[in-house]
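**Student:** Keeping their order, the protein sequence lines are chains A and B. Per numbering that gives the first Met the number 0, residue 0 is the first one in the first sequence, and the count goes up by one each step. Per numbering that gives the first Met the number 0, residue 0 is the first one in the second sequence, and the count goes up by one each step.
In case anyone wonders, no lab produced these hints; they're calculated from the structure. Some hints here could point you the wrong way.
What the hints assert, rightly or not - Within a straight-line C-alpha distance of at most 20 Å, the following computed SDA-like cross-link-like pairs (lysine to any residue) qualify:
1. B:LYS213 - A:ASN235
2. A:LYS8 - A:VAL104
3. A:LYS281 - B:ARG267
4. B:LYS142 - A:LYS299
5. A:LYS299 - A:LEU203
6. A:LYS142 - B:VAL117
7. B:LYS51 - A:ASN259
8. B:LYS208 - B:GLU189
9. B:LYS213 - A:ASN259
10. B:LYS281 - B:LYS51
11. A:LYS199 - A:THR179
12. B:LYS142 - A:MET269
13. A:LYS51 - B:ASN259
14. A:LYS40 - A:LEU305
15. B:LYS281 - A:LYS8
16. B:LYS299 - B:VAL117
17. A:LYS51 - B:LYS208
18. B:LYS144 - B:ILE17
19. A:LYS213 - B:ASP57
20. B:LYS51 - A:LEU305
21. A:LYS208 - B:LYS213
22. B:LYS142 - A:ARG267
23. B:LYS208 - A:ASP57
24. A:LYS142 - B:LYS144
25. A:LYS142 - A:LYS8
26. A:LYS281 - B:LEU96
27. A:LYS213 - B:TYR61
28. A:LYS199 - A:ALA168
2 protein chains.
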Amino acid sequence: MSIEYTAIKLVKRPVLNITPDLFEVVKMTTSEIDDGQILIKQTHMSLDPAMKGWMTPDRESYIPPVELGDVMRSGGVGEVVESKNERFPVGSRVAGLMGWTEYVVSDGTGMNQLPPEVPSEAVLCVLATPGLTAYIGLINIGKAKAGETILISGAAGSVGSMVGQIAKAEGLTVIGTAGTDEKCRWLTEELGFDAAINYKSETLADELKVAAPKGLDLYFENTGGAVQNHVFDLMNAHGRIMVCGMIADYNAEIPAAGPNWIPIIKKRLMIQGFTIPDHYDKAPEVMQAMGKYLMEGKIKYRAHVLEGLESAIDGINLLFDGGNTGKLMVKL
Amino acid sequence: MSIEYTAIKLVKRPVLNITPDLFEVVKMTTSEIDDGQILIKQTHMSLDPAMKGWMTPDRESYIPPVELGDVMRSGGVGEVVESKNERFPVGSRVAGLMGWTEYVVSDGTGMNQLPPEVPSEAVLCVLATPGLTAYIGLINIGKAKAGETILISGAAGSVGSMVGQIAKAEGLTVIGTAGTDEKCRWLTEELGFDAAINYKSETLADELKVAAPKGLDLYFENTGGAVQNHVFDLMNAHGRIMVCGMIADYNAEIPAAGPNWIPIIKKRLMIQGFTIPDHYDKAPEVMQAMGKYLMEGKIKYRAHVLEGLESAIDGINLLFDGGNTGKLMVKL
Numbered sequence: 000m001s002i003e004y005t006a007i008k009l010v011k012r013p014v015l016n017i018t019p020d021l022f023e024v025v026k027m028t029t030s031e032i033d034d035g036q037i038l039i040k041q042t043h044m045s046l047d048p049a050m051k052g053w054m055t056p057d058r059e060s061y062i063p064p065v066e067l068g069d070v071m072r073s074g075g076v077g078e079v080v081e082s083k084n085e086r087f088p089v090g091s092r093v094a095g096l097m098g099w100t101e102y103v104v105s106d107g108t109g110m111n112q113l114p115p116e117v118p119s120e121a122v123l124c125v126l127a128t129p130g131l132t133a134y135i136g137l138i139n140i141g142k143a144k145a146g147e148t149i150l151i152s153g154a155a156g157s158v159g160s161m162v163g164q165i166a167k168a169e170g171l172t173v174i175g176t177a178g179t180d181e182k183c184r185w186l187t188e189e190l191g192f193d194a195a196i197n198y199k200s201e202t203l204a205d206e207l208k209v210a211a212p213k214g215l216d217l218y219f220e221n222t223g224g225a226v227q228n229h230v231f232d233l234m235n236a237h238g239r240i241m242v243c244g245m246i247a248d249y250n251a252e253i254p255a256a257g258p259n260w261i262p263i264i265k266k267r268l269m270i271q272g273f274t275i276p277d278h279y280d281k282a283p284e285v286m287q288a289m290g291k292y293l294m295e296g297k298i299k300y301r302a303h304v305l306e307g308l309e310s311a312i313d314g315i316n317l318l319f320d321g322g323n324t325g326k327l328m329v330k331l
Numbered sequence: 000m001s002i003e004y005t006a007i008k009l010v011k012r013p014v015l016n017i018t019p020d021l022f023e024v025v026k027m028t029t030s031e032i033d034d035g036q037i038l039i040k041q042t043h044m045s046l047d048p049a050m051k052g053w054m055t056p057d058r059e060s061y062i063p064p065v066e067l068g069d070v071m072r073s074g075g076v077g078e079v080v081e082s083k084n085e086r087f088p089v090g091s092r093v094a095g096l097m098g099w100t101e102y103v104v105s106d107g108t109g110m111n112q113l114p115p116e117v118p119s120e121a122v123l124c125v126l127a128t129p130g131l132t133a134y135i136g137l138i139n140i141g142k143a144k145a146g147e148t149i150l151i152s153g154a155a156g157s158v159g160s161m162v163g164q165i166a167k168a169e170g171l172t173v174i175g176t177a178g179t180d181e182k183c184r185w186l187t188e189e190l191g192f193d194a195a196i197n198y199k200s201e202t203l204a205d206e207l208k209v210a211a212p213k214g215l216d217l218y219f220e221n222t223g224g225a226v227q228n229h230v231f232d233l234m235n236a237h238g239r240i241m242v243c244g245m246i247a248d249y250n251a252e253i254p255a256a257g258p259n260w261i262p263i264i265k266k267r268l269m270i271q272g273f274t275i276p277d278h279y280d281k282a283p284e285v286m287q288a289m290g291k292y293l294m295e296g297k298i299k300y301r302a303h304v305l306e307g308l309e310s311a312i313d314g315i316n317l318l319f320d321g322g323n324t325g326k327l328m329v330k331l
């Protein structure tokens, strides 16, 4: 059976912004699969800030860049439509790296079987990268404890919203920052954050102080920018800072300076950067923990769903201008 | 027996620099000691960068400031000249917090007995705060391993020179920065550093790259300033940065900005600030380890000795203008 489908290749490197001319939309045709292989029809494709890094060669990066001429890299959820691999029978649902494509052939490496009762949007919002990132950062690296106070920047984002909800479930006081008042209301009214602050406020420093009368024990950094400038002032002794994202600076020609390091000594702070490929081995246990939160109703999520593969080309920029209102994904 | 002696009190807070008007030289007289007490005649008094912080009230600091009107705080070595405490017979040598004074009465709390074979200068240079700071930072926090490469700023300083020599003894490649060519020669020719670079060099970035062809696994931060600006570029993945001192900024009205945090994520760096009062419980084991290095001839030290108590008033500024050529102390 030969199926014609659409895929999107990366053909140019971004200079500063992600522009449509970086991509080429191509028509492809599936060929016969080999023994051990499966043909996956992707149904939901994840769009993530890290993709900007994947488009750019950088010897310092944690993962090799996408080669020019290759299909753009991404995670997704799909259905097995042909199988010569008994681990993945036809009809099973899988999650893993699939790329910007309607169909993909895989030997099953890195593909995870999904339970039928979890909606595909929940997989990308909770069980996949956002949940894994949030859990590893908060629990494994931050060693968050009940009674502590955490500040989360980019709190309405796909990772931030998971961090805050796990932290609430674990008994912390949770403060988030976001870029619109609507997002802030969502954090407090829907997700149960103790406080949410619009980082564009001119009184940001004061509002942070009011929200954290006992200071901060933890800071989960997703954005850089305005919030970071105030964090060292608010941290308590022996505070932990988990550095997960710097989206405010990814598109900057000259990234903004960071804060002076004197408070790192005075307060004996620990700052730890992390990326998820280092922690893929913990995915099964984290998925189990996140699945439990989900089933107990402790985790809500909001998907921002674009329609059709080609919507990714412009849509990915929603992540960098703050226009997305939930975990960004494309429904195919 | 009543002895007249000199002490120096802190009577004003520093605004920016440490100036003579902050201090008052007073004549005092010893009184009868109580049961359990000892009278110590201080022979060697330590001058350390942290003293600037002790002069300034700061709710964020790790130790309360010296009260105005109190004798200035400092560590030192002395001899017990009167004793009503059987743990410390007359004639024994002790180290501990003594203050800017020729004589001090103590109940023995925080005082450590010293073996007779270790010279007083070696106590302040190796066994006391510098050795403890270096060992805790390098071994306990940095988890330094043989074969790794470390960069040390302020490497000719009291702490930096200990860090480098312990690192050499543990099998690391050791690079130091210092502020004069003479100090750099001392690091390579006397202390066995693999490379030493004058941080005032206009080609600092290039010289660091040449000295660390395999990149840096560890950075021991004593200074802030020029060296810090290049460190994120040189760090390897999973590098560790121990933040011990920021002497370049302690006298700055507006402390310099730090580097942007994007490399913290990309390289998954760990940055940990620390101060020694958190680690006093480890002093006995560290003193033992440092004493062993010293006896094996693996640790050399250089004391910069001022003469007479009052020399501390101007002399402390040698620490902030880089004029000291070894661990700064006052011989009484």
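**Student:** The structure should be examined with respect to each hint, and the outcome stated for every one.
**Tutor:** A quick look at each hint next to the structure:
1. B:LYS213 - A:ASN235: Roughly 36 Å between the alpha carbons, so the hint for B:LYS213 and A:ASN235 is violated.
2. A:LYS8 - A:VAL104: 16 Å, holds
3. A:LYS281 - B:ARG267: With Cα atoms ~17 Å apart, A:LYS281 and B:ARG267 stay inside 20 Å; holds.
4. B:LYS142 - A:LYS299: Status violated; Cα separation ~40 Å.
5. A:LYS299 - A:LEU203: Not satisfied, since the Cα-Cα distance of roughly 27 Å exceeds 20 Å.
6. A:LYS142 - B:VAL117: 42 Å, violated
7. B:LYS51 - A:ASN259: It holds: about 18 Å lies between the C-alpha atoms, which stays within 20 Å.
8. B:LYS208 - B:GLU189: With a Cα-Cα distance of about 23 Å, the restraint between B:LYS208 and B:GLU189 is violated, given a limit of 20 Å.
9. B:LYS213 - A:ASN259: 28 Å, violated
10. B:LYS281 - B:LYS51: Answer violated: B:LYS281 to B:LYS51 is near 25 Å, above 20 Å.
11. A:LYS199 - A:THR179: 8 Å, holds
12. B:LYS142 - A:MET269: Between B:LYS142 and A:MET269 the Cα gap is close to 15 Å, so the pair holds against 20 Å.
13. A:LYS51 - B:ASN259: Distance ~18 Å between A:LYS51 and B:ASN259 Cα, so the pair holds.
14. A:LYS40 - A:LEU305: Distance ~17 Å between A:LYS40 and A:LEU305 Cα, so the pair holds.
15. B:LYS281 - A:LYS8: Violated, at about 57 Å.
16. B:LYS299 - B:VAL117: 13 Å, holds
17. A:LYS51 - B:LYS208: 28 Å, violated
18. B:LYS144 - B:ILE17: 39 Å, violated
19. A:LYS213 - B:ASP57: Judged against 20 Å, a Cα distance of about 17 Å means the pair holds.
20. B:LYS51 - A:LEU305: 58 Å, violated
21. A:LYS208 - B:LYS213: Distance ~44 Å between A:LYS208 and B:LYS213 Cα, so the pair is violated.
22. B:LYS142 - A:ARG267: Holds, at roughly 17 Å.
23. B:LYS208 - A:ASP57: It holds: about 17 Å lies between the C-alpha atoms, which stays within 20 Å.
24. A:LYS142 - B:LYS144: 25 Å, violated
25. A:LYS142 - A:LYS8: With Cα atoms ~40 Å apart, A:LYS142 and A:LYS8 exceed 20 Å; violated.
26. A:LYS281 - B:LEU96: Outside the cut-off at roughly 48 Å; violated.
27. A:LYS213 - B:TYR61: 17 Å, holds
28. A:LYS199 - A:ALA168: 28 Å, violated
Violated hints, listed in ascending order, are 1, 4, 5, 6, 8, 9, 10, 15, 17, 18, 20, 21, 24, 25, 26, 28; each of the other numbered hints is respected by the structure.
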